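Asker: Heads up: the sequence lines are chains A and B, in that order. Residues in the first sequence are numbered consecutively from 1, following this note's numbering. Residues in the second sequence are numbered consecutively from 1001, following this note's numbering.
Simulated from the structure, these hints should not be mistaken for lab results. If you're wondering where the values come from, they're calculated on a predicted model, not measured in any experiment. Please note: incorrect hints may appear among the correct ones.
To be verified - To spell it out: a stretch of chain B is covered by chain A in this simulated footprint if at least three of its residues, at any positions, have a beta carbon under 8 Å from a beta carbon of chain A; those stretches are: (1) 1157-1165; (2) 1189-1202; (3) 1300-1311; (4) 1319-1332; (5) 1364-1371.
We treat Cβ as the ideally placed atom computed from N, Cα and C, and that holds for glycine.
Each chain is listed here by its residues.
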Amino acid sequence: MLVRGGSPARYARRNPDSPCTAIIAQNRRARRLAAANGCSSISSLGRPGGHPESIVNSQSESMSWTKKFGRARGFLYNFALSDNAFPSQGFSMSDQSGVNRGRRSLVIASACAGGAATVATAVPFAASMLPSERAEALGAPVEVDIGQLNPGEKMTVEWRGQPVWILRRTKEMLEEIKQTDGKVADPKSERKKGELTPEYARNEFRSIKPEYLVVVGICTHLGCSPQDRLKAGPEAFDSQWTGGFYCPCHGSLFDLAGRVYKNKPAPDNLRVPPYTYLSDTRILIGEDKKRA
Amino acid sequence: MAGAEKQAVTGAGPFNGLLTWIDQRFPLVETWRKHLSEYYAPKNFNFWYYFGSLALFVLVIQIVTGIFLTMNYKPDAAQAFASVEYIMREVPWGWWIRYMHSTGASFFFICVYLHMFRAMLYGSYRNPRELLWIFGMLIFLCLMAEAFFGYLLPWGQMSYWGAQVIVNLFDAIPLIGPDLAIWIRGDFVVSDATLNRFFAYHVIAVPLALLALVVAHLLALHEVGSSNPDGVEIKNVKDPKTGKPLDGIPFHPYYTVKDTFGVVVLLIVFSIVVFFAPEAGGYFLEHNNFIPADPLKTPAHIAPVWYFTPYYSILRATTDEFVLWVLAPGVVAFALLLVWSMKKSTARIAVGVIAIVLLAGLLNLDAKVWGVVLMATSVMIFFFLPWLDRSPVRSIRYKGPITKTALTLFVIVFFVLGYLGTESVTEGRTLAAQVGTAVYFLFFFLMPWYSKMDKSLPEPERVTWK
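Go ahead and model the full structure; you've got the sequences and the hints to work with.
Answerer: So this is what it looks like as structure tokens:
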């Protein structure tokens, strides 16, 4: 015979004549014994016929959790303390009143500690997925010779695994940039200033020297690399195209200063990496001018 | 002991002794009966009921071919592309195993999409099969993850830029986005670190989850029993003598034989693709993926593989104008509809608050964020089907004209979005995708109302033959 149903108190109320009810009110040792025996050998341990008095006792004892903590937490406590967490299913093999409170507190405490330790173990695993020291080191600056670049030409160098474009703009190209001021979303590079445009490039041409544009050739939408459409003239995507870049993935457009056109998927201008001129023909990408 | 009480196994000829020995130590007979020989499935399964077992069969193909591919593949950015070519050209039968795997990926999605469509046709997700449906949806998510991770491995141009675009979707999440994207990649761009970890996900992490979910899916199915094209419970009418459902037949041998026939037909079609059209015109294996990955140059036209294109279309359709003129008014209209149909004032206030928060977000955050949100919603919304569908009947056979029209429209839109996702962007195509996106979401969001008001026919007592 198993003790089924909610708390021992409820059980006792429902089954006043059951030998289990008697055992509920028994001394601790007997209760533990009963629990160990699945309450099956109760009759030999307990006095037949329940004491109304002792039923009240056990009732007040177990009801107090619900009273003290409210129904939800009372249930939680019941869940944690009792192996009879799903009372109506009759999972329990023992009488709930056979609880050794001190031991149960220890079980809860060690379960909490164990749980916390398990969660903490996830940290090194998650951290192992961050860029490694080597990947961080590869973010080192790149030195580029731009002496061979003719006006109107573009070169691509790799920095941090990303394409960085260096475009030597002609006078006409610079004129065209002025014309696009009304078409672009952020003409003065005011959005996400620190991240996208260093202070020294926060001008109409988005560069230190107007002639040379240095930008990361990665679309700010979803990271594709836009294509050159440097020459002005009608294009499928814009009949009054004044030169710039076209992203094949989702159709974003950028002008010759890497400024994004309005109403395009890309939210921001192309990123200008930190860079500095080492001489007239050499630039260092990835590092600003050393603060003297 | 319980084992000793078991009856000896009979009918297995010379194996009776061995099977009895096992059965006394393992629930062999019990399991066989519960899941096969005494699992009663409705007798009126039709064509649509092939695709569950076929999906399971394709899963086996994928696992077996996958194991053999890992024997020669190298998850290293410097060697991956060449190792795939090595498998294709120099490993004996390597080309066959690789084409089976790549074709299997597409066939897996074909089977799963048809399996899901079956559930939508016949209301298989309805009470008490909600959890069965949820397990199925989790399998679908795992499958999408598996396909996405696997697609990076050949390290071709489409592999590389596809992964770049999808990982950058996480970048759109406010605040944590950029760091999260770096954590996923393990680098500042898609690189060797990314390839290596995607390999780990693809060959062990996701398959383990997938298999566990398949088991849960089958256990849940056998707990509640299979639905059928009439959407009526066969459990309701039982033979009073035997207690077996009158409209049920044992899964084995009846449906094992039927499903074997399905497997044979599938293998014929599968073989035709593997041997004669493994690239399927660029739909199963994209042309650009035969070019090694180049981090400095995006291909002129990039598109995901066909099974992701409907969601990809939704992502691309979400422009600033779409957010302003369609999404924002849509949120307002839907909130009003909810408030109108709700009785509790607290619920009404909650809807109002959520709508205002959403509206503020729509008007302030980038369209990029909402594109990602819509794309995620377009997949996750399937989870809620059991609660969105409020029709008194399950099967399309007894549902009314509104539901039939809605489902037809949804299927058309799903195909149109899928097609548009494979094509490059033009103004006209964007507009079409935006209309499609709107219809796609209306199908789900209005379902609680149209499914309830629709005029349905009475369900039969017993299953019918049609």
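Asker: Hint by hint, note whether the structure agrees.
Answerer: Evaluated hints:
1. 1157-1165: With 3 residues in contact (Cβ-Cβ under 8 Å with chain A), the coverage given for the stretch 1157-1165 of chain B holds.
2. 1189-1202: This one holds; 4 residues, not fewer than the three required, reach chain A with a Cβ under 8 Å.
3. 1300-1311: It holds: at least three residues are needed, and the stretch 1300-1311 of chain B offers 3 whose Cβ sits within less than 8 Å of chain A.
4. 1319-1332: holds (count 3)
5. 1364-1371: holds (count 4)
In summary, this structure violates none of the numbered hints.
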